[in-house]
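Asks: Residue numbers (the numbering used here), protein chains in the order written: chain A, 3 to 188; chain B, 557 to 1065.
Please keep in mind that the hints were generated in silico from the structure rather than gathered at the bench. Where hints are given, some of them may not hold.
[Unchecked claim] So these bits of chain B aren't anywhere near chain A, every CB distance computed over 12 Å: (1) L605; (2) L835; (3) D837; (4) Y871; (5) L901; (6) A1009.
[Claimed, not checked] What follows is a set of in silico ranges between Cβ atoms, one per label pair, in the way DEER data are often shown: (7) M708(B) to Y29(A): 50 to 58 Å; (8) I22(A) to G581(B): 29 to 37 Å; (9) K565(B) to G146(A): 25 to 33 Å.
Cβ coordinates follow ideal geometry from the N, Cα and C atoms, glycine included.
Listed below, chain by chain, are the residues.
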Amino acid sequence: MLDYVYTGWGAFWATMFMFIPFALMAYWVIRRKSLVDTGPTRLQPSEFAPIEGIWLTFAFIFFVVANLASLKFIPWAAASGATGGEAEVQVDFTAKSWAYDISNRQIEAGKPVRFSGRSSDTQHGFAVYHPDGRVLFTMLMMPGTTKPTSVVYTFKEPGKYAVRCLEYCGIAHHRMQDELTVVKSN
Amino acid sequence: MSIATTIVKSTPIFGKMFAVDKSTGLEEINAWPALMIMSSFVWLVVAGLLGLVMPATQIFDLGSDHFYTTLTLHGAALTFPFSFQLMMGVGLHRSGGCVGKPVTGLFAALSWLTMNLGAAILTVAVLMGLKVSVVVMFPLPLVGAQMGVWSMESVIVGFTGIYLVLACMILCYPLLVFKMLFFGKKRAELVLSERSLNEPGMLGMLLAAATLLLTGLPLVVVGTTLLLALYKILPMSLAAWAADPVVFQYTFYLFAHNLMEAMALMVASAMYATLPLYLADGSRKLYSEKLANLALWVLLVTSVTSGLHHFITFYPNQPAALSYWGNIMSWGTGMGAAISIFTILATIWQHGLKPEPGIVAVLVGWALYILDGASAIVTSNIAWTYQLHGTMWQSGHFMTVVLSMSLMWMGVLYHHYPVITGRKLDAGLGSLYIKLMTVGSFGAAIVMLAGGAAGMPRRFADWHPEGWMLYGNLILAFGLIIGASFAVYFYNLMKSREISAPMGELARA
């Protein structure tokens, strides 16, 4: 389940999980106290204190849990687990308006791949899309850095994976695309 | 008569909406804010039309050039001369009436002039061909000129415009606020609703101005260096450090991120000041001022460094430690929001609410801001940002934060408008505006977030692959509803009625 939660759509539903209960509660409170029963409530401020405590504790715990659970899905934190002692396949690339120079476009599924990229002119992105259209990961490159931007990723399924620049880089930004082919492992 | 009053009076169409009421003796706190608010709405019309053109260029295949031109102009017009200027105008009017000081003098004039002149110059640069988006994407302006995509002249003109806009936000406006809060004598005849800096209604104004000044100063230094080099006053060798993309980007986002946070602080402050005026029992009290102040401080302390989340996918060039820091601080702002949610709802529960259009618009804007806040902290999580950064999610977040704050300020304006103009807005039209804006803004925000979740790129002139045009069509549909809501709001301003009672007395009541 967590594999789904820490995807783009998981992010969408996590946002809705936070927003929808708030929206319903706010609507109910505002409607009730402006249209149905507008009189002052007899509760004293001290009587709100337990609700205040419960609400803030719940928010704090939710925030902590959501972030702790995500640690496994952080690319650089996951990298050590992903490789499991297996050698990484190195894929180097250079981004230049408006194309990529990629050292290897054919990758075996199941093997950890280290993508290392640089930009030679302006800011660029390197986002790898699953064949079903979702973003697997994205990288940001700026010119003049001493180290390349880097991510380790292990492809699970064979297929054609689109690569797109997600950092606006000028009038042909939308044409800055490429493709990786993931084949079955030998 | 103030020069600001004269400019408002001589402006066609919009001038009628904001003609300053001189019968009350409050012209010194009304005139410049009226001019700023009026100017912001002129820019809103520009930004709104461009916002609709953006999806239209995709739907009708009008070409990527038009898309990137409108993208740059729409973002810039919406954020700076509309949203920030609206906030500046209403915020200064609030401050003037709370501390009994005039909103006049050099800083007031410079705030208006630098913002509008800068935005106009930037517009000229974009029309000359500079297409760099609202966040400049440095070093794209220079690279584009080197590649011959646009001219170096357009870069120089564009940087001049941006510099003036920054001068307004980082120097002129904060210094004006400090001048009003800490210098000069209070004049009893200008006090409309006296407040001290200990109250959340004023604390946010101070914190926001301080945030703009302090987090913006490094960008002023970098920007000044670059501009001097572009004008060949400084040799490029001495400006090379400022032209380093990493230096520019970090100083830019240190400010740009905190600009949004400062605007949030200020609008939260305005909300804490406005809500008590509409409580059903007339108590004029928040549930807890201490809790409201705590929310502002938590937001301030956590937000200053949370901007590091903009560079998480730059790893290892941004060290992991800084990304974790940005992640944690961003979720810390969520605790500020949680405190604020409790304070607002507890206040309404305790005292009841008079649901007048102004305060309802503020509350709808606040709810939209909470949706935006949830989307913002989610995308600040490192695992999620690796899949959302650079997608339509970020555009949805940015548009929503600007729209929510604007909606709140437009709600607060309902309260200030009679004081400024001596005229009253129609409640029925106000209610219609709120309904349309609620549907349009929440719809557009949710569709943009969903587009991002589906991998739809932002600032991308081809929405056809992967079925993204569906999201584009929905964004246009909800954009049209937002446009209709603004049209109703303007119509209400045009049709506002004279108030018979002396407004100065009503304002002080």
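Asks: Please check whether the beta-carbon of L605(B) is more than 12 Å away from every beta-carbon in chain A.
Replies: Consistent with the label, L605(B) stays out of reach of chain A, its closest Cβ about 22 Å off (over 12 Å).
Asks: Verify this label for me: L901(B) is non-interface relative to chain A, using a Cβ-Cβ cutoff of 12 Å.
Replies: Non-interface label fails for L901(B): nearest chain A Cβ at 5 Å, not farther than 12 Å.
Asks: Is the nearest CB of chain A more than 12 Å from the CB of A1009(B)?
Replies: Violated, because the least Cβ-Cβ distance between A1009(B) and chain A comes to about 4 Å, which does not exceed 12 Å.
Asks: Indicate whether the distance between the beta carbons of K565(B) and G146(A) respects the range 25 to 33 Å.
Replies: violated, 52 Å
Asks: So the hint says 50 to 58 Å: do the beta-carbon atoms of M708(B) and Y29(A) match that?
Replies: Because 54 Å falls inside the window, the suggested range holds.
Asks: Say whether it holds or is violated: Y871(B) keeps its Cβ farther than 12 Å from all Cβ of chain A.
Replies: The claim is violated: Y871(B) sits with its nearest Cβ about 6 Å from chain A, within 12 Å.
Asks: Beyond 12 Å on every Cβ pair: is that true for L835(B) relative to chain A?
Replies: violated, 9 Å
Asks: How does the Cβ-Cβ distance of I22(A) and G581(B) compare with 29 to 37 Å: does it lie in that range?
Replies: Once the Cβ atoms are compared, 49 Å apart, the range 29 to 37 Å for G581(B) and I22(A) is violated.
Asks: Just checking, D837(B) versus chain A, shortest CB gap more than 12 Å?
Replies: Incorrect as stated: the minimum Cβ-Cβ distance to chain A is 4 Å, not above 12 Å.
Comparing the model with each numbered hint stated earlier shows that hints 2, 3, 4, 5, 6, 8 and 9 do not hold.
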